[in-house]
Amino acid sequence: MVTDGYLSLTTYYVDSKWVLQKRILNFSEFPPPHTGVAIANKLSGLIKNWLKQIDVAVEKVRECVKYVKGSLARKTRFSQCCSENLLDSKKVLMQDVPTRWNSTYMMLSCTLYYRLAFSHLSLSDSNFQDFPSSNEYERVEKMCSFLKVFYDATLQFSGSLYPTSNLYFPQIFGIQLNLVEEKKSLDEYMKK
1 MVTDGYLSLT
11 TYYVDSKWVL
21 QKRILNFSEF
31 PPPHTGVAIA
41 NKLSGLIKNW
51 LKQIDVAVEK
61 VRECVKYVKG
71 SLARKTRFSQ
81 CCSENLLDSK
91 KVLMQDVPTR
101 WNSTYMMLSC
111 TLYYRLAFSH
121 LSLSDSNFQD
131 FPSSNEYERV
141 EKMCSFLKVF
151 YDATLQFSGS
161 LYPTSNLYFP
171 QIFGIQLNLV
181 EEKKSLDEYM
191 KK
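Going by the numbering used here, the sequence shown opens with residue 1, and the numbers climb by one from there.
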């Protein structure tokens, strides 16, 4: 008796004679556990590995956040920069943590929102020198867009108040499409 777990991708369609057809598109071993949390953890591990390989753009963003959060005076000045640029300074400026890749996504996303405030701060504070260039911000935008698909899937898979098995294929398919698009991209940075 075989107790190994397997996963199959099956398609159903109606042929030209209106007969329901079924085809197995892919079949592979799927080791346990088969829970949404386990799948989310696997995704999280893949993203953490990818984030380790990316360049200085994320590090510069991290340093910007660290600089602002480093003192009350800098937080106050940053809040003023937000007000001057009509940005809501109540939105939390997040510092990422190494054990949670999604905190990096949230930090990047938040930093993009505050981009004008950081730019303003760089003009008014001579000590604030590690500001990302426009090319680096372009990379951050691309990373953020790429990571959003994983972030959304992880949120869906981590749910504990609803079943998650029905969410698996649509989310994984979205991730697959995202990966294929980036692989075909002319942007060498994102192809990495």
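Think of the hints as simulated: they come from the structure by calculation, not from any bench.
This one's a predicted model, so the numbers in the text were calculated from it and none came from an experiment.
Certain hints may be false.
Each pair of labels, with its calculated beta carbon distance range [claimed, not checked]:
1) Ser79 to Gln129: 17 to 25 angstroms
2) Thr3 to Val37: 20 to 28 angstroms
3) Gln80 to Tyr168: 29 to 37 angstroms
4) Ser122 to Val180: 33 to 41 angstroms
5) Ser79 to Glu182: 53 to 61 angstroms
6) Asp187 to Leu123: 26 to 34 angstroms
7) Gln80 to Leu177: 36 to 44 angstroms
8) Ala38 to Val97: 16 to 24 angstroms
Backbone N, C-alpha and C define an ideal beta-carbon position, used for all residues, glycine too.
Given a hint of 53 to 61 angstroms, does the C-beta separation of Ser79 and Glu182 actually sit inside it? violated, 36 angstroms
Range agreement (Cβ of Val180 with Cβ of Ser122, hint 33 to 41 angstroms): holds, 37 angstroms
Indicate whether the distance between the beta carbons of Thr3 and Val37 respects the range 20 to 28 angstroms. About 21 angstroms separates the Cβ atoms of Thr3 and Val37, which means 20 to 28 angstroms holds.
Can you tell me whether the CB distance of Gln80 to Tyr168 sits inside 29 to 37 angstroms? violated, 47 angstroms
Would you say the C-beta atoms of Ala38 and Val97 sit inside 16 to 24 angstroms of each other? Given about 22 angstroms between the Cβ atoms, the range holds.
Between Gln80 and Leu177, does the beta-carbon spacing fit 36 to 44 angstroms? holds, 42 angstroms
State, for the Cβ atoms of Asp187 and Leu123, whether the hinted interval 26 to 34 angstroms holds or is violated. Hint holds: Cβ distance 29 angstroms, inside 26 to 34 angstroms.
Does the Cβ distance between Ser79 and Gln129 fall inside 17 to 25 angstroms? Given range 17 to 25 angstroms: holds, Cβ gap about 20 angstroms.
Violated hints, listed in ascending order, are 3, 5; each of the other numbered hints is respected by the structure.
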